[in-house]
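S.K.: Heads up: the sequence lines are chains A and B, in that order. Residues 1 to 164 in this note's numbering are what the first sequence spells out, letter by letter. Residues 1 to 111 in this note's numbering are what the second sequence spells out, letter by letter.
Read the hints as simulated data drawn from the structure, not as lab findings. There's no promise every hint is true.
[Unchecked claim] Beta-carbon label-pair distances, calculated as ranges: (1) B/Thr41 <-> A/Cys28: 49 to 59 Å; (2) B/Met1 <-> A/Pro116: 53 to 63 Å; (3) A/Pro84 <-> B/Ala51: 44 to 54 Å; (4) A/Pro54 <-> B/Val65: 37 to 47 Å; (5) A/Arg57 <-> B/Arg11: 24 to 34 Å; (6) A/Asp154 <-> B/Gly8: 46 to 56 Å; (7) B/Gly8 <-> A/Leu37: 21 to 31 Å; (8) A/Arg141 <-> B/Ile102: 21 to 31 Å; (9) B/Asp83 <-> A/Arg147: 19 to 29 Å.
[Claimed, not checked] Rough simulated footprint, nothing fancy, chain B against chain A, three-plus residues with beta-carbon under 8 Å: (10) 50 to 60; (11) 64 to 76; (12) 92 to 98; (13) 110 to 119; (14) 126 to 136.
[What the hints assert, rightly or not] Computed list of chain A residues with no C-beta within reach of chain B, every gap over 12 Å: (15) Gly26; (16) Lys87; (17) Phe106; (18) Asp154.
The C-beta atom is built at its ideal place from N, Cα and C for all residues, glycine as well.
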Amino acid sequence: MTAEELRETIARQFGRSLHIRTLDTGSCAVCEQEIRLLTAPHYDLHRLGFFFTPAPRHADLLLVTGPMIRAFEVAARKTYDAMPGPKVVVATGACALGGVYPPDPFTHGTVDAVLPVDVWIPGCPPSPLALLHGLGVAVGRLAEKVRDLPFTVDDHPERTRGDS
Amino acid sequence: MTLWFIRGIRRGVVTTRYPARPDASARFLPAPPAFRPRALTRVTAGRLVTACPSGALRLDDGTLVYDVGRCTACGRCAAEAPDAIQSSGEFELAATVRSGLIKRIPLRETP
Chain A
1 MTAEELRETI ARQFGRSLHI RTLDTGSCAV CEQEIRLLTA PHYDLHRLGF FFTPAPRHAD
61 LLLVTGPMIR AFEVAARKTY DAMPGPKVVV ATGACALGGV YPPDPFTHGT VDAVLPVDVW
121 IPGCPPSPLA LLHGLGVAVG RLAEKVRDLP FTVDDHPERT RGDS
Chain B
1 MTLWFIRGIR RGVVTTRYPA RPDASARFLP APPAFRPRAL TRVTAGRLVT ACPSGALRLD
61 DGTLVYDVGR CTACGRCAAE APDAIQSSGE FELAATVRSG LIKRIPLRET P
């Protein structure tokens with residue numbers, strides 16, 4: 001099920017409502033802090049029709065953080081299987097994308113190793129705005145931008161900022 | 001009276017208009033680096049690869065391969081070579097294809 005099909009199905013069946021289950025597969029909890037901020041007044045996730053649910057059986061979107069430690073693999077698979085289709089998996093943060101932990105006897109290193117990921121959100125941690133953009137991309141409401149960004153700058157004499 | 005009431009309520013709203021409109025706080029966020037290829041020699045690139053703690057940079061056949069997904073925007077590359085790197089200012093980085101996050105940065109030809 002692609003994100004495009006999910007968007008059409010959601011628009012048809014649920015209007016603009018989508019329920020999110022977060023899954024912490026060994027993250028340091030800073031990604032969770034940013035996810036929790038989404039419900040704070042400044043970001044107010046609910047105005048866009050996204051809601052958090054504690055039950056995977058009620059969830060349409062699985063928001064996975066952390067490097068997928070091997071001890072959590074069975075629980076992650078069970079969570080994914082318990083979700084009704086159509087479903088989308090969003091890997092969140094540099095850990096989930098393979099940046100922080102290499103694969104070793106304790107971690108898989110990436111979420112892709114266990115679950116079929118549909119949307120990747122980089123960042124350590126991804127800011128609430130980045131998460132909002134990622135959720136918008138996951139349901140097809142916002143356009144994906146990063147594929148066309150070169151991450152190079154022209155050599156115009158502009159001031160150098162070292163605060164990347 | 002009604003108009004005054006609605007205006008008064010609206011003035012107290014703190015919620016961002018993102019994604020319909022840009023958010024003013026976005027420029028304060030830590031952003032992944034953008035590279036200046038003219039200032040990036042093979043030696044500098046090698047130093048950046050060594051400095052990167054999350055393995056987001058690697059050298060491959062004369063180009064610098066930058067994996068945005070692995071980058072933690074820690075700024076150690078910018079501290080290593082401030083003239084070759086600046087902040088990209090991008091935060092809308094979500095991708096539906098993993099390879100869309102892997103960028104190839106050309107290096108300067110050294111004579």
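S.K.: Look at each hint and say if it fits the structure.
M.R.: Here is what the structure says about each hint:
{"no.": "1", "hint": "B/Thr41 <-> A/Cys28: 49 to 59 Å", "result": "violated, 36 Å"}
{"no.": "2", "hint": "B/Met1 <-> A/Pro116: 53 to 63 Å", "result": "holds, 56 Å"}
{"no.": "3", "hint": "A/Pro84 <-> B/Ala51: 44 to 54 Å", "result": "holds, 46 Å"}
{"no.": "4", "hint": "A/Pro54 <-> B/Val65: 37 to 47 Å", "result": "holds, 40 Å"}
{"no.": "5", "hint": "A/Arg57 <-> B/Arg11: 24 to 34 Å", "result": "violated, 42 Å"}
{"no.": "6", "hint": "A/Asp154 <-> B/Gly8: 46 to 56 Å", "result": "holds, 48 Å"}
{"no.": "7", "hint": "B/Gly8 <-> A/Leu37: 21 to 31 Å", "result": "holds, 27 Å"}
{"no.": "8", "hint": "A/Arg141 <-> B/Ile102: 21 to 31 Å", "result": "holds, 25 Å"}
{"no.": "9", "hint": "B/Asp83 <-> A/Arg147: 19 to 29 Å", "result": "holds, 28 Å"}
{"no.": "10", "hint": "50 to 60", "result": "violated (count 0)"}
{"no.": "11", "hint": "64 to 76", "result": "violated (count 0)"}
{"no.": "12", "hint": "92 to 98", "result": "holds (count 3)"}
{"no.": "13", "hint": "110 to 119", "result": "holds (count 4)"}
{"no.": "14", "hint": "126 to 136", "result": "holds (count 8)"}
{"no.": "15", "hint": "Gly26", "result": "holds, 16 Å"}
{"no.": "16", "hint": "Lys87", "result": "holds, 15 Å"}
{"no.": "17", "hint": "Phe106", "result": "holds, 17 Å"}
{"no.": "18", "hint": "Asp154", "result": "violated, 8 Å"}
The structure fails to meet hints 1, 5, 10, 11 and 18 from the earlier list, while all remaining hints are met.
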